[in-house]
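Q: All chains should be modelled from the sequences, with the hints used to inform the complete structure.
The chain contents come next:
Protein chains: 6
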Amino acid sequence: MPYVNIKITREGATSEQKARLIAGVTSLLQTELGKNPATTVVVIEEVDTDNWGIGGESVTVRRQKGQ
Amino acid sequence: MPYVNIKITREGATSEQKARLIAGVTSLLQTELGKNPATTVVVIEEVDTDNWGIGGESVTVRRQKGQ
Amino acid sequence: MPYVNIKITREGATSEQKARLIAGVTSLLQTELGKNPATTVVVIEEVDTDNWGIGGESVTVRRQKGQ
Amino acid sequence: MPYVNIKITREGATSEQKARLIAGVTSLLQTELGKNPATTVVVIEEVDTDNWGIGGESVTVRRQKGQ
Amino acid sequence: MPYVNIKITREGATSEQKARLIAGVTSLLQTELGKNPATTVVVIEEVDTDNWGIGGESVTVRRQKGQ
Amino acid sequence: MPYVNIKITREGATSEQKARLIAGVTSLLQTELGKNPATTVVVIEEVDTDNWGIGGESVTVRRQKGQ
Numbered sequence: 001m002p003y004v005n006i007k008i009t010r011e012g013a014t015s016e017q018k019a020r021l022i023a024g025v026t027s028l029l030q031t032e033l034g035k036n037p038a039t040t041v042v043v044i045e046e047v048d049t050d051n052w053g054i055g056g057e058s059v060t061v062r063r064q065k066g067q
Numbered sequence: 101m102p103y104v105n106i107k108i109t110r111e112g113a114t115s116e117q118k119a120r121l122i123a124g125v126t127s128l129l130q131t132e133l134g135k136n137p138a139t140t141v142v143v144i145e146e147v148d149t150d151n152w153g154i155g156g157e158s159v160t161v162r163r164q165k166g167q
Numbered sequence: 201m202p203y204v205n206i207k208i209t210r211e212g213a214t215s216e217q218k219a220r221l222i223a224g225v226t227s228l229l230q231t232e233l234g235k236n237p238a239t240t241v242v243v244i245e246e247v248d249t250d251n252w253g254i255g256g257e258s259v260t261v262r263r264q265k266g267q
Numbered sequence: 301m302p303y304v305n306i307k308i309t310r311e312g313a314t315s316e317q318k319a320r321l322i323a324g325v326t327s328l329l330q331t332e333l334g335k336n337p338a339t340t341v342v343v344i345e346e347v348d349t350d351n352w353g354i355g356g357e358s359v360t361v362r363r364q365k366g367q
Numbered sequence: 401m402p403y404v405n406i407k408i409t410r411e412g413a414t415s416e417q418k419a420r421l422i423a424g425v426t427s428l429l430q431t432e433l434g435k436n437p438a439t440t441v442v443v444i445e446e447v448d449t450d451n452w453g454i455g456g457e458s459v460t461v462r463r464q465k466g467q
Numbered sequence: 501m502p503y504v505n506i507k508i509t510r511e512g513a514t515s516e517q518k519a520r521l522i523a524g525v526t527s528l529l530q531t532e533l534g535k536n537p538a539t540t541v542v543v544i545e546e547v548d549t550d551n552w553g554i555g556g557e558s559v560t561v562r563r564q565k566g567q
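From first to last, the protein sequence lines are chains X, L, D, S, U and G.
In case it helps, this note's numbering puts the first sequence at residues 1 to 67.
In case it helps, this note's numbering puts the second sequence at residues 101 to 167.
In case it helps, this note's numbering puts the third sequence at residues 201 to 267.
In case it helps, this note's numbering puts the fourth sequence at residues 301 to 367.
In case it helps, this note's numbering puts the fifth sequence at residues 401 to 467.
In case it helps, this note's numbering puts the sixth sequence at residues 501 to 567.
Among the clues, some could well be false.
As the list claims (entries may be wrong) - Here are the simulated DSSO-like cross-link-like pairs (lysine-lysine), alpha carbons at most 27 Å apart as the crow flies: (1) S:LYS335 with G:LYS535; (2) D:LYS265 with L:LYS135; (3) U:LYS435 with X:LYS35; (4) S:LYS365 with G:LYS565; (5) D:LYS265 with G:LYS535; (6) X:LYS35 with U:LYS465; (7) S:LYS365 with G:LYS535; (8) G:LYS565 with L:LYS135; (9) U:LYS435 with S:LYS335; (10) D:LYS265 with X:LYS35; (11) S:LYS335 with X:LYS65; (12) U:LYS465 with D:LYS235; (13) L:LYS165 with D:LYS265; (14) U:LYS435 with G:LYS565; (15) L:LYS135 with D:LYS235; (16) L:LYS165 with X:LYS35; (17) U:LYS435 with X:LYS65; (18) L:LYS135 with S:LYS365.
In short, the hints are calculated from the structure, not lab data.
A: Spelled out as structure tokens, the structure:
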């Protein structure tokens with residue numbers, strides 16, 4: 001019955017990559033905590049780099065600086 | 101003063117449906133918990149079916165399988 | 201398959217009140233959007249009044265002022 | 301190491317405004333709580349006015365009424 | 401730079417189990433999406449069974465019914 | 501009308517510190533984005549160090565290692 005929310009920057013993750021992420025997280029919760037995969041919900045949110053900040057700067061700015 | 105976040109798959113919910121959902125949740129919080137509707141906030145997030153997983157699979161894949 | 205997160209201040213909501221809230225929100229999503237109740241998840245989070253702010257003040261302070 | 305999620309209605313916030321918001325929140329957490337800015341994450345989410353409710357109505361409807 | 405929020409019912413997960421979950425999710429994001437583990441944040445929230453609903457009922461009630 | 505959720509590790513933030521954080525974030529949203537402080541909601545969540553991971557390790561473990 002777990003609920004997992006994964007936020008990543010929107011930078012071209014494919015449907016296949018997201019499908020593997022969903023499968024992997026669901027499997028991990030079963031292996032480590034015995035959670036039932038049938039009711040494990042995973043929601044992936046992709047966030048524009050202008051809207052994601054770390055170290056006081058947006059990822060857009062960090063990428064421009066080569067970080 | 102409650103804050104309610106509703107996540108659903110993006111599959112064509114109309115403005116009217118979302119307006120009724122906002123009204124209904126706000127009313128329910130007043131009826132059941134005595135919360136003031138004036139400061140009840142409801143945020144609906146619509147998520148692509150590729151980005152929503154249940155049972156270890158994305159909803160996109162489940163829909164293709166007829167689930 | 202919706203996921204609903206309800207945040208309220210921690211001020212003595214009972215198990216019965218929370219059960220009715222869970223039932224009511226689940227029913228509303230079925231009625232308004234046709235969502236399957238079997239996979240509708242509702243998570244209620246109760247937050248200390250020191251940790252909830254509105255209008256730039258904590259709810260603790262607002263309650264002391266009679267607001 | 302804080303994580304801050306800011307949800308606002310989607311009404312034209314610019315990259316520059318969002319950059320200043322990220323910088324300001326990160327700085328505030330350092331000043332008030334001594335948090336390390338290098339690992340402070342800020343995620344801004346912009347929500348359609350149809351999907352944001354307050355007082356039981358969507359912001360779209362409230363704006364039409366001049367509220 | 402991903403941010404992962406995992407909500408589970410509060411039913412005795414140990415520190416060791418949670419540590420393995422943190423390690424596993426971080427590793428998965430590196431393997432599947434190439435994300436830097438150094439800035440991957442994982443937050444686990446444990447929720448009382450009274451406050452978690454599925455199928456319109458709280459987990460407390462479902463457990464009493466043997467579900 | 502913004503909603504701000506701030507997650508920090510539970511390490512003794514005082515009511516006064518949290519009150520200043522609420523005031524500061526609310527003011528920042530008014531200054532930078534013109535948001536009405538009366539309807540700005542700030543929710544602070546304090547998370548056990550066992551439940552917060554960064555770099556694939558819990559904060560509990562990192563603190564033991566002197567990080």
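Q: Of the hints given before, which are not true for this structure?
A: 4, 8, 10 and 13
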